[in-house]
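Asks: Numbering (my numbering), first residue to last: 1 to 370.
Since the hints were derived computationally from the structure, they do not count as laboratory data. Computed from a predicted model, the values in this text were never measured in an experiment. Be a bit skeptical, because a hint or two may be false.
Claimed, not checked - The calculated lysine-lysine pairs, modelled on BS3-like cross-linking and capped at a C-alpha distance of 25 Å, are: (1) K80 - K345; (2) K349 - K71; (3) K345 - K71; (4) K266 - K190; (5) K71 - K342; (6) K266 - K80; (7) K241 - K266; (8) K342 - K80.
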Amino acid sequence: MTSFDSFHDSDKGVHWYNVSIAEVNYSAGNSSIFSEDSSTEPFYDFVHALYLFVIPLISILGIIGNVLSIKVFLCTTFNKQPSSIYLAALSVSDTWFLVALLMGWLGSFDGTIQQSGVSCMISIYVTYVTGFLSVWYVVLIVIDRYIVVCHPLRGPRLCSRKRVAIASSVITTFAVIFYTHCFHTTMIVKKANSKDVQCVVQKDAMFTLEIITYIDSVMTIGLPFIAIFVLNCSLILAVRKFNMKHIRFSERKLYSYSPQYSILTKAQIRLTIMLVVVSSVFLILNLPSHAIRLYIMIKGLAMQKQQRLILFLLQQIFQILYYTNFAINFILYMSSSTLFRKCLKETPKCWVLQKLRLKKTLLDRRTKYG
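Kindly generate the complete structure, drawing on both the sequences and the hints.
Replies: Right, dumping it as structure tokens:
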């Protein structure tokens with residue numbers, strides 16, 4: 001999930017899963033994945049430099065931005081919005097993905113991080129789970145907005161905080177259980193002439209993993225992308241219709257014109273615009289990586305060695321765009337939402353801590369008055 005997921009090397013007869021560009025260096029010149037043509041070296045240097053400097057930058061800045069987003073969604077007045085639960089969950093998921101990405105990047109240069117092999121297995125598992133969750137949290141966010149904007153009379157019932165919490169819990173539980181296959185389809189082996197270890201796919205689990213990969217592709221690419229695209233189009237049309245009616249009529253006439261618009265508010269529309277921006281950028285940053293992966297799966301063995309190298313390196317560039325998706329939401333929130341910018345300046349008042357304090361106060365009173 002974190003890199004070139006389904007690259008096939010016909011000379012070795014193995015699939016390349018989770019190949020890190022940091023492991024692809026000039027000392028690997030004997031590997032059949034690379035052509036001896038020196039014309040590809042400048043391209044390789046460029047991609048390697050991107051991996052070397054951009055990955056830690058994306059990870060660190062993204063983690064900071066996501067933590068600030070969590071603070072806004074849980075500990076400010078933004079928390080009054082039911083969708084803040086989805087947004088907070090998305091920020092948490094993105095943060096864990098970036099932590100795993102940063103650990104993998106460090107492990108590529110410092111073998112001591114991966115000597116136990118446990119960090120390698122955990123990193124693969126975390127990236128699978130958080131990659132799935134980030135996709136489906138975005139889907140849930142878009143569905144929530146679609147109901148609120150396009151079916152506002154049903155919104156209060158279908159998009160309550162309780163239902164949002166249940167939906168988030170179901171998706172999270174499914175991902176945590178489903179991706180435990182990582183621990184059964186991969187194994188830890190020692191690198192040749194080294195004390196370091198690495199995670200590789202078990203040969204007898206290759207067929208099973210291919211089936212799981214196709215299922216995973218449908219769950220994280222096919223269904224979510226169709227749902228997000230269709231619902232976003234509906235939301236854009238609904239927002240456009242709302243704005244046109246708001247311009248044409250005064251507020252009193254507008255609300256008497258249709259019961260739908262008597263429920264919708266400008267604040268809800270502004271929040272919808274922010275979430276449409278987030279989900280649209282999600283599609284844009286994810287499509288290149290998935291598109292080239294699909295191309296490679298279709299072409300398969302028909303590719304020449306030179307083509308395989310170029311596609312491998314090109315995939316790394318698109319993969320960086322994919323990683324950016326986990327780090328950019330804070331910037332999108334800041335640029336598209338006045339409410340988010342306002343709440344960011346608020347003094348944090350975490351509702352969890354408030355509930356704990358309230359319970360403590362009630363317990364103290366019961367103890368005091370017996």
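Asks: Hints first: check each against the structure and report whether it holds.
Replies: The hints, checked one at a time:
1. At roughly 16 Å between alpha-carbon atoms, K80 and K345 fall within 25 Å of each other, so this suggested pair holds.
2. A threshold of 25 Å between alpha carbons decides the hint, and for K349 with K71 the separation of about 9 Å falls inside it, so the pair holds.
3. Proximity of K345 to K71 is assessed by CA-CA distance (about 11 Å); at most 25 Å being required, the pair is judged to hold.
4. With a C-alpha separation of about 59 Å, the suggested pair K266 and K190 falls outside the 25 Å cut-off, and the hint is violated.
5. For the hint linking K71 to K342, the alpha-carbon distance of about 13 Å falls within 25 Å, and the restraint holds.
6. Under the criterion of a C-alpha separation no larger than 25 Å, the hint pairing K266 with K80 is consistent with the structure, at around 16 Å.
7. Distance check on the hinted pair: K241 and K266 sit about 13 Å apart at the alpha-carbon level, within 25 Å; holds.
8. Only pairs whose Cα atoms come within 25 Å are accepted, and K342 paired with K80 is accepted, the gap being roughly 14 Å.
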